[in-house]
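Number of protein chains: 2
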Amino acid sequence: MIPPTHPRYQSLLIRERLVNCVNRGITSYHGLIAHGRGEAFDYLLGEVSHPFALEAEKAAVCLLILADHPIISVNGNCAALVSEDIAKLSNLLDIPLEVNLFHRTDARVEKIENHLKNSGAGRIYARGDAILEDLDHDRRVVDSRGIYRADVVFVPLEDGDRCEVLKIHGKKVITVDLNPLSRTARAADITIVDNIVRAIPNMIKMVNELKTADKSELDGVLARYDNRRVLSYALETINENLNRISRELLE
Amino acid sequence: MIPPTHPRYQSLLIRERLVNCVNRGITSYHGLIAHGRGEAFDYLLGEVSHPFALEAEKAAVCLLILADHPIISVNGNCAALVSEDIAKLSNLLDIPLEVNLFHRTDARVEKIENHLKNSGAGRIYARGDAILEDLDHDRRVVDSRGIYRADVVFVPLEDGDRCEVLKIHGKKVITVDLNPLSRTARAADITIVDNIVRAIPNMIKMVNELKTADKSELDGVLARYDNRRVLSYALETINENLNRISRELLE
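From first to last, the protein sequence lines stand for chains A and B.
Sequential numbering of the first sequence, starting at 1, is according to my numbering.
Sequential numbering of the second sequence, starting at 252, is according to my numbering.
If you are wondering where the hints come from, they were derived from the structure by calculation, not from laboratory data.
Computed from a prediction, not measured in an experiment: that's the story for all the values here.
Yeah, the Cβ is synthetic: ideal placement off N, Cα and C, and Gly gets one too.
Treat the hints with caution; some may be incorrect.
[What the hints assert, rightly or not] With the C-beta cut set under 7 Å, the calculated list includes, among others, these residues of chain B facing chain A:
1) V270
2) L283
3) R288
4) A291
5) F292
6) L432
7) S483
8) N490
9) L493
[Said to hold, decoys possible] Listed next, the in silico SDA-like pairs over lysine to any residue satisfying Cα-Cα at most 25 Å (straight line):
10) K167/A with P254/B
11) K362/B with H30/A
12) K418/B with R391/B
13) K362/B with V19/A
14) K418/B with Y9/A
15) K111/A with H281/B
16) K423/B with S246/A
17) K111/A with Y280/B
18) K362/B with V22/A
19) K172/A with E499/B
[Stated by the list, open to error] So the derived label-pair ranges between C-beta atoms look like this:
20) R244/A with R259/B: 27 to 35 Å
21) T5/A with K418/B: 19 to 27 Å
22) I496/B with A223/A: 24 to 32 Å
Could you put together the complete structure from these sequences and hints?
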């Protein structure tokens with residue numbers, strides 16, 4: 001039991017949730033390491049949703065609403081951390097979820113699928129009946145109804161080179177990545193530099209506000225959106241936090 | 252198999268080593284998350300041993316040589332990442348290793364002890380026959396010949412509050428922590444802000460140079476050492492790296 005007075009209470013609770021999902025076969029060992037990397041950047045960001053994150057989340061919602069064939073890609077960490085919220089977002093936007101794993105086994109896909117169903121998800125694609133060329137690892141195995149034919153792919157918690165490959169295939173990519181310097185963060189069209197446990201609930205609220213908006217309003221949000229500027233704000237914020245703590249340390 | 256051309260080859264190899272040690276019961280799930288946090292900071296530091304790290308490593312070696320009852324505390328990640336080097340350092344300095352775990356079970360202690368023995372370690376304490384008051388978790392269980400009576404404790408890869416408690420007990424503490432802002436980093440007498448896979452080999456070289464030095468020379472190194480300055484250099488380095496990458500990003 002973690003005492004609620006612990007200075008890192010929230011962060012420790014999330015960690016327990018992940019460890020629990022490793023035991024259930026949902027999260028991989030590599031997912032735990034990736035989570036640790038994210039934790040470090042979240043800590044440097046002050047563990048809040050900054051304006052640059054909210055701006056990216058809003059643009060992401062607009063792009064998902066406007067898309068012809070959008071898909072939400074779910075990996076083990078996403079399922080472990082925000083299964084109920086991602087199911088809710090999927091249902092609200094009427095966009096299916098696709099289980100897409102770096103370390104894919106049929107057993108793991110099924111476990112994640114069941115976990116998402118139990119969390120309220122309506123449509124889940126997990127067929128693995130198509131191959132996305134140029135991609136290494138098991139993630140190249142995709143669903144023909146989902147990532148394969150999608151024009152917009154929302155891939156929270158992506159790592160490595162997939163974002164770049166999705167771009168080569170002409171898709172628009174939205175990601176959630178706490179490291180504004182990562183290859184994924186730089187390659188995506190919209191990079192949400194925020195903790196996924198805050199980002200998805202933020203987006204759910206925004207869907208409720210935006211889903212009745214005119215197309216011209218959504219187009220306007222996207223026209224004004226500049227991902228490079230968002231990334232540089234995120235870097236500036238980390239820098240300012242470091243400078244502040246550095247000053248306190250030296251006093 | 253990871254291709255050697257992968258931009259993160261070294262980092263991925265280390266990750267594989269850890270995952271392998273989870274399967275063998277040496278590293279814990281929480282150890283994987285902690286490793287991820289370290290990875291993020293190492294990345295921000297440029298993955299090299301900076302002068303401030305070398306300075307801390309040298310001071311650490313001097314303090315260990317001068318100590319009356321020094322001990323090297325080994326946890327799961329340390330055993331997974333640098334078992335041979337930590338065994339070599341222990342033998343060279345004639346300082347025993349003590350297995351001290353946040354998530355302690357007899358089986359895990361035994362596995363780590365055997366792993367260290369197989370890596371060449373001479374003296375390993377793992378009795379758990381004494382209690383260090385004020386410490387939570389299983390780490391309070393220590394060896395009466397080791398941490399319990401030690402005047403200098405080298406605890407690489409520490410997390411949480413143990414460093415502060417060791418200080419309360421009047422011990423000098425040396426740690427390896429890639430996050431210069433952590434509570435451990437701030438509480439320790441000597442904080443080595445470096446990746447343990449670089450830090451321990453660096454220290455081994457330094458032992459060979461310093462073990463024949465006069466006591467006055469070692470005292471001099473320690474008298475000139477300022478941990479707060481070392482931490483602020485580490486923070487400055489992270490800041491400079493972020494600024495540089497930020498500029499490249501915006502060009």
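- request: For the hint on N490/B, just tell me whether its beta-carbon gets within less than 7 Å of chain A.
  value: With a closest approach of 5 Å, the N490/B hint holds.
- request: Could you grab the alpha-carbon distance between K418/B and Y9/A and see if it respects the 25 Å cut-off?
  value: holds, 24 Å
- prompt: Does the hinted range 24 to 32 Å hold for I496/B and A223/A at CB?
  reply: holds, 28 Å
- prompt: Hey, does the R288/B contact hint survive, CB to chain A under 7 Å?
  reply: Cβ of R288/B sits 4 Å from chain A, so the hint holds.
message: Restraint: S483/B near chain A, CB-CB cut 7 Å. Satisfied or not?
response: Holds, because the Cβ-Cβ distance from S483/B to chain A comes to roughly 6 Å (cut-off 7 Å).
query: With 7 Å as the cut and Cβ atoms as the points, is F292/B at the interface with chain A?
result: holds, 6 Å
- request: With respect to the beta-carbon atoms only, verify the hint that T5/A and K418/B lie 19 to 27 Å apart.
  value: With Cβ atoms ~21 Å apart, the hint holds.
query: In this structure, is the beta-carbon distance linking R244/A and R259/B contained in 27 to 35 Å?
result: Given range 27 to 35 Å: holds, Cβ gap about 30 Å.
task: Mind checking the alpha carbons of K423/B and S246/A for me, to see if they're no more than 25 Å apart?
output: holds, 24 Å
task: Have a go at the A291/B hint: is there a Cβ in chain A nearer than 7 Å to its own Cβ?
output: holds, 3 Å
query: Between K111/A and Y280/B, does the CA-CA distance stay at or below 25 Å?
result: Holds. K111/A to Y280/B sits at ~20 Å (cutoff 25 Å).
query: Can the hint on L493/B be confirmed by a CB-to-CB distance to chain A that is less than 7 Å?
result: Check passed: Cβ of L493/B comes within 5 Å of chain A, closer than 7 Å.
Hint violations for this structure: none, all hints satisfied.
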